[in-house]
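Number of protein chains: 2
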Amino acid sequence: MTQSHTADVLISEVGPRDGLQNASSIMPTEAKRRWISALANCGIPEIEVGSFVPAKILPQLADTAEVVAHTNTIAGVDVAVLVPNLRGAQNALAAGVDKMTVPLSVSETHSLKNVRRTHAQMFEEVRSIRAAIDAAPERERPQLEGSLSTAFGCTLEGAIPESKILSIAETLMACGCDEVGLSDTTGYADPAAVRHLIKVVRGVVGNEHLTGIHLHNTRGLGLANALAAFESGLTTFDASMGGLGGCPFAPGASGNIVTEDLVFMFEAMGVSTGIDLDALLGVREILREALPDEPIYGFTPDAGLPLGFHQLKQTA
Amino acid sequence: MTQSHTADVLISEVGPRDGLQNASSIMPTEAKRRWISALANCGIPEIEVGSFVPAKILPQLADTAEVVAHTNTIAGVDVAVLVPNLRGAQNALAAGVDKMTVPLSVSETHSLKNVRRTHAQMFEEVRSIRAAIDAAPERERPQLEGSLSTAFGCTLEGAIPESKILSIAETLMACGCDEVGLSDTTGYADPAAVRHLIKVVRGVVGNEHLTGIHLHNTRGLGLANALAAFESGLTTFDASMGGLGGCPFAPGASGNIVTEDLVFMFEAMGVSTGIDLDALLGVREILREALPDEPIYGFTPDAGLPLGFHQLKQTA
Numbered sequence: 123m124t125q126s127h128t129a130d131v132l133i134s135e136v137g138p139r140d141g142l143q144n145a146s147s148i149m150p151t152e153a154k155r156r157w158i159s160a161l162a163n164c165g166i167p168e169i170e171v172g173s174f175v176p177a178k179i180l181p182q183l184a185d186t187a188e189v190v191a192h193t194n195t196i197a198g199v200d201v202a203v204l205v206p207n208l209r210g211a212q213n214a215l216a217a218g219v220d221k222m223t224v225p226l227s228v229s230e231t232h233s234l235k236n237v238r239r240t241h242a243q244m245f246e247e248v249r250s251i252r253a254a255i256d257a258a259p260e261r262e263r264p265q266l267e268g269s270l271s272t273a274f275g276c277t278l279e280g281a282i283p284e285s286k287i288l289s290i291a292e293t294l295m296a297c298g299c300d301e302v303g304l305s306d307t308t309g310y311a312d313p314a315a316v317r318h319l320i321k322v323v324r325g326v327v328g329n330e331h332l333t334g335i336h337l338h339n340t341r342g343l344g345l346a347n348a349l350a351a352f353e354s355g356l357t358t359f360d361a362s363m364g365g366l367g368g369c370p371f372a373p374g375a376s377g378n379i380v381t382e383d384l385v386f387m388f389e390a391m392g393v394s395t396g397i398d399l400d401a402l403l404g405v406r407e408i409l410r411e412a413l414p415d416e417p418i419y420g421f422t423p424d425a426g427l428p429l430g431f432h433q434l435k436q437t438a
Numbered sequence: 123m124t125q126s127h128t129a130d131v132l133i134s135e136v137g138p139r140d141g142l143q144n145a146s147s148i149m150p151t152e153a154k155r156r157w158i159s160a161l162a163n164c165g166i167p168e169i170e171v172g173s174f175v176p177a178k179i180l181p182q183l184a185d186t187a188e189v190v191a192h193t194n195t196i197a198g199v200d201v202a203v204l205v206p207n208l209r210g211a212q213n214a215l216a217a218g219v220d221k222m223t224v225p226l227s228v229s230e231t232h233s234l235k236n237v238r239r240t241h242a243q244m245f246e247e248v249r250s251i252r253a254a255i256d257a258a259p260e261r262e263r264p265q266l267e268g269s270l271s272t273a274f275g276c277t278l279e280g281a282i283p284e285s286k287i288l289s290i291a292e293t294l295m296a297c298g299c300d301e302v303g304l305s306d307t308t309g310y311a312d313p314a315a316v317r318h319l320i321k322v323v324r325g326v327v328g329n330e331h332l333t334g335i336h337l338h339n340t341r342g343l344g345l346a347n348a349l350a351a352f353e354s355g356l357t358t359f360d361a362s363m364g365g366l367g368g369c370p371f372a373p374g375a376s377g378n379i380v381t382e383d384l385v386f387m388f389e390a391m392g393v394s395t396g397i398d399l400d401a402l403l404g405v406r407e408i409l410r411e412a413l414p415d416e417p418i419y420g421f422t423p424d425a426g427l428p429l430g431f432h433q434l435k436q437t438a
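Chains A and B, in that order, are what the protein sequence lines are.
So for the first sequence, the numbering used here puts the first residue at 123; every next one is plus one.
So for the second sequence, the numbering used here puts the first residue at 123; every next one is plus one.
Among the hints, erroneous ones may be present.
Stated by the list, open to error - Rough simulated footprint, nothing fancy, chain A against chain B, three-plus residues with beta-carbon under 8 Å:
#: 1; stretch: 307–313
#: 2; stretch: 346–359
#: 3; stretch: 417–425
Hint data in this document are derived by calculation from the structure and do not stem from the laboratory.
Please read these numbers as outputs of a predicted model, since none were measured by experiment.
Idealized CB from N, CA, C, for every residue including glycine.
Isolated chain A, as found in the complex (with noise of 0.2 Å):
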């Protein structure tokens, strides 16, 4: 179950997950452990740490649980895990999660690249998970969200069919999703793509079911599509500490949005987000300690914060 947060928007941490999954080296647990406590303690609400596949497929990945467990002695924070399938959803029960994600890219030929499973195979996966989670006690049961990836585009597609994106969104929702997100896996978004799309996947699953996106910078126009988000309704903002992440099986596409640019972004607009912006910074240092060779960027971190610049409300 997810915990509440009265901050304006909830950026989730995704550098775990999507940023290691992408590194060409892999974190040590015992670094993952400080790194993910780090960004606990600035006011992060909520990590994704980790992805429920095997090993062989993603060894940067492989020790899940344990960064799951550990995260679960921390308080306030909600620990989120990708899972492509009802094996990774089991494992995730297991581990005890807060929320997990499938998956399930609107280009089918991405989906076949990336899980290796159609369109019909994914809906399945995702009813048995929902029986998985329906199986377990309530206050065990963590949130489902059907993630739309490429929803934007696909770097082997092109362009996907937008009755594709709605139909498949509707379907998620039908299969037991409690909510759907939209992911910018290919960085192919802009600000108008943005603001339609959220406008009539939320015309199909409702608004409240409708409230995170998952984006990249790899054109540059990263922070652009989520105020754009944000100004369309969205509050959930998948970001990962100095840019790290992208998909090693959508060539082309690399880096999610940089969590301390967005950070600043927001709280400059007076917009909350419950994350003490100076100790964000500082918590880069671990992660270059614990991965050296990985590069991280950051405009906000490389420029400081402008003189006189105070947030509006800092960490409770």
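Please build the complex by placing chain B on the supplied structure of chain A, with the hints as guidance.
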């Protein structure tokens, strides 16, 4: 006199001025000619080609008169320059330009560092410049813009009171400017501040007298700020190829928004720029050859255009 353009927004390439002013090496005049011709050839409708300042202050721009003369031979592009004072404006008039911008830093501390003049002295300069323009034959009179530099905060003074900004905007118009522009010299702006300042400044000068904004990407918010400005009704956007640029007198301020990423954002949204994006990406090679030691960046150039991406309208 400026030309009429049919695109939805006007992108003013300021790399040859703001970019080169901040470069550690000096681009040879011949390379500037080649670069500017190539930019114009992509459909860039306005280029800020230099500053009429003493060569000992900005040796990078010492050849501005020659560069203006060259740019005037290219059909379809407006020639803009920066002038800090009457002497500069006289030189600009003699060279023949379509637009001159006088930077007036709303932070008086920055004004003194940047142009060594108080606000009162700057207003006097603007009045003299207006008189000099009016003394020219009507068809040779350029547009006169007063640019509100450090409008979103100053690295030396921090936030500048809104009442001071509004008073300066009004006075600039009273001194004979045709329009005022907003300049985020320091990269302090955020989308909410952009919207607010546009609204209040338009309130005192009239919508038709504030149409342009000059943004830096110092904290990564450049395109989000451009989006906010566009949605608030602005139509002229300064940007520099590869994010060259910055102000050497404002510590920590660096890099205009990247022209290539800005053009991609607008074109992806269906907002026409009149610029051929494919051709523009090719011009980076000319810049790289001309300034091999200067770092340039750009997300869209690195990632390439999305599969199936087509511009709605190409260059006329």
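Evaluated hints:
1. 307–313: holds (count 5)
2. 346–359: Since 4 is at least three, the answer is holds.
3. 417–425: holds (count 4)
Violated hints: none; the structure is consistent with every hint.
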